[in-house]
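Asker: Now for the letters of each chain:
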Amino acid sequence: MSTGGAIAERDVALVDLIDRLLGGGVVIAGDITLAVADVDLVHVSLRALVSSVEKARPPEP
Amino acid sequence: MIELLAITDDPAPAAPPLRVVPAAGLGVVVEPAGEDELDADALWRRESLLEELMRERALLPVRLGTRVEDDAAAVEAVAPRRDELAAALDRVRGAVEVSVRAVAAPGPAGPAAAGDTAAGPAPAAPLPGAVEAVHARLSELARDDARHEGPELLRAAYLVDRTAVDAFVAAVRELQREQPGLSLLCTGPWPPYSFAEEPGP
Chain A
91 MSTGGAIAER
101 DVALVDLIDR
111 LLGGGVVIAG
121 DITLAVADVD
131 LVHVSLRALV
141 SSVEKARPPE
151 P
Chain B
138 MIELLAITDD
148 PAPAAPPLRV
158 VPAAGLGVVV
168 EPAGEDELDA
178 DALWRRESLL
188 EELMRERALL
198 PVRLGTRVED
208 DAAAVEAVAP
218 RRDELAAALD
228 RVRGAVEVSV
238 RAVAAPGPAG
248 PAAAGDTAAG
258 PAPAAPLPGA
268 VEAVHARLSE
278 LARDDARHEG
288 PELLRAAYLV
298 DRTAVDAFVA
308 AVRELQREQP
318 GLSLLCTGPW
328 PPYSFAEEPG
338 P
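From first to last, the protein sequence lines stand for chains A and B. So the first sequence is numbered by our numbering: it starts at 91 and just counts up by one. So the second sequence is numbered by our numbering: it starts at 138 and just counts up by one.
Calculated from the structure, these hints are not laboratory results. Where is the CB? At the ideal position from N, CA and C, for every residue including glycine. A hint or two may mislead.
Quick look at which bits of chain B chain A covers, simulated, 3 or more residues with Cβ under 8 Å [to be verified]:
1. 177-191
2. 198-210
3. 214-228
4. 319-327
To list a few chain B residues with every Cβ distance to chain A over 12 Å, as calculated [what the hints assert, rightly or not]:
5. Ala149
6. Pro153
7. Pro169
8. Arg194
Now the in silico label distances, taken between C-beta atoms and shown as ranges [claimed, not checked]:
9. Pro317(B) to Gly113(A): 24 to 32 Å
10. Val117(A) to Asp303(B): 28 to 36 Å
11. Gly113(A) to Ala170(B): 17 to 25 Å
12. Ala119(A) to Arg274(B): 34 to 42 Å
13. Ala119(A) to Gly162(B): 14 to 22 Å
14. Pro153(B) to Val117(A): 20 to 28 Å
15. Ala119(A) to Ala270(B): 35 to 43 Å
16. Ala119(A) to His285(B): 21 to 29 Å
17. Pro148(B) to Ala119(A): 16 to 24 Å
So that you can see chain B by itself, here it is in the shape it has in the complex:
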């Protein structure tokens, strides 16, 4: 069994244990399938491999756990979607993904106790429209954006030109200052996990 890690359109060989299997003008980055159970270190190792690759070529990460029998099966899985994947590679070329989440900031007196029925005002509630303001500003700086459902007030991914990452982070810092009612959690740069598939209609 081999595991599919990424799709690229650069046929250059990758450093072992990775191999690039040619598939209808694209390349499928594969490695021998490993253990079925992954711990955090294994996830970070996989991430490191993708980030190394991402430095030198455009790539689309493949969903974790995608395994096929052999190279021929990998080609068979990817070839029918060649045009769609090539277009997706063009969309993400030269860009990286940055994750931003927003949660309500803890109040000055610390987080309110669960089930608190105190009559006082809620501590440091985010301003109305704060989340939308953050998302709107960051979307302007991004090539594309994707919002996801989650327990946070905002869970979003932004596709940012490599050359614009510093400006994007500066904007996150500025928004954090402008919106003390929110805590902004920003991580990256990531491979374009959230932009590998064309969004649904």
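In isolation and in its complexed conformation, chain A is listed as follows:
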């Protein structure tokens, strides 16, 4: 998971995760807006090609 490609895939997946966390899910009264830190979406390269289903998650602690 140390290659540039794997990191790009993780970033691509992170974009999808954040999209879903902030824009998806059941909306129930009592929403609080949380800040999402340390996530610089500008650096995500949409040119990465990930045509397999991969989450490329960080390693489990």
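Put chain B on the given structure of chain A with help from the hints.
Answerer: Structure of chain B alone, referenced to chain A:
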């Protein structure tokens, strides 16, 4: 404060720190509310918890940041929508969400420079109708689909039967070969974030 993570209709207990609070025949998966500021690791941790749960039961993720005072407030928030949420659980049962985005593929000579006024043809432009062809083919393989606005040519989510995920991914690969003018970005399987609410009229 507790944070609401998901709605389920399986009352079986969840592994700590999660708890399942019974609410009008449904269950609300909750955990103690944590920090107000989340980094990428915290988001992935939350995702892992949901994926563990998703393995054993149907669930609807709850929008990030949904917090209430206590269990009673959680029940109060969910009970009035019981029928609607139960129907949504039936819609997603046995399925997962797969994300597909399409962007224009970089040309053979690399991405065109910004502001380029060259007279030559644009590199590797996607074929007319390519995006619609991709979406149409993938929609056929999905139980449901949702297209969203975004900077990409296609930003879509597909609700795919668990047993059909491999076939879906194979179709994405095939479409990538058929459409060299597009780069297809596919991630998942995700909990059904994009299918938790009934789409508007």
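Asker: Given as covered by chain A, does the region 214-228 of chain B meet the bar of three residues or more with CB within less than 8 Å?
Answerer: The restraint on the region 214-228 of chain B holds, since 5 of its residues have a Cβ under 8 Å from chain A and three suffice.
Asker: Is 21 to 29 Å right for how far apart the beta carbons of Ala119(A) and His285(B) are?
Answerer: holds (24 Å)
Asker: Range hint 20 to 28 Å: satisfied by the CB atoms of Pro153(B) and Val117(A)?
Answerer: At roughly 27 Å between Cβ atoms, Val117(A) and Pro153(B) fall inside 20 to 28 Å, so the hint holds.
Asker: Kindly confirm whether 28 to 36 Å is satisfied by the beta carbon distance between Val117(A) and Asp303(B).
Answerer: holds (32 Å)
Asker: Has the region 198-210 of chain B got at least three residues whose CB is nearer than 8 Å to a CB belonging to chain A?
Answerer: Our answer is that it holds, as 9 residues pass the Cβ test (under 8 Å) against chain A, meeting three.
Asker: Since Ala149(B) was said not to touch the interface, does its Cβ keep a gap of more than 12 Å from each Cβ of chain A?
Answerer: Fine: 20 Å to the nearest Cβ keeps Ala149(B) off the interface.
Asker: Should the label of Pro169(B) as a non-interface residue stand, given a Cβ cut-off of 12 Å to chain A?
Answerer: holds (15 Å)
Asker: Please check whether the region 177-191 of chain B has three or more residues whose CB lies within less than 8 Å of a CB on chain A.
Answerer: holds (count 7)
Asker: In this structure, is the beta-carbon distance linking Ala119(A) and Gly162(B) contained in 14 to 22 Å?
Answerer: holds (19 Å)
Asker: Take the C-beta atom of Pro317(B) and the C-beta atom of Gly113(A), compute their distance, and say whether it sits inside 24 to 32 Å.
Answerer: holds (30 Å)
Asker: For the region 319-327 of chain B, count the residues whose Cβ lies under 8 Å from any Cβ of chain A; is that count three or more?
Answerer: holds (count 8)
Asker: Against the range 34 to 42 Å, how does the distance between the Cβ atoms of Ala119(A) and Arg274(B) compare: consistent or not?
Answerer: holds (39 Å)
When the structure is compared with the earlier hints, no violation turns up for any of them.
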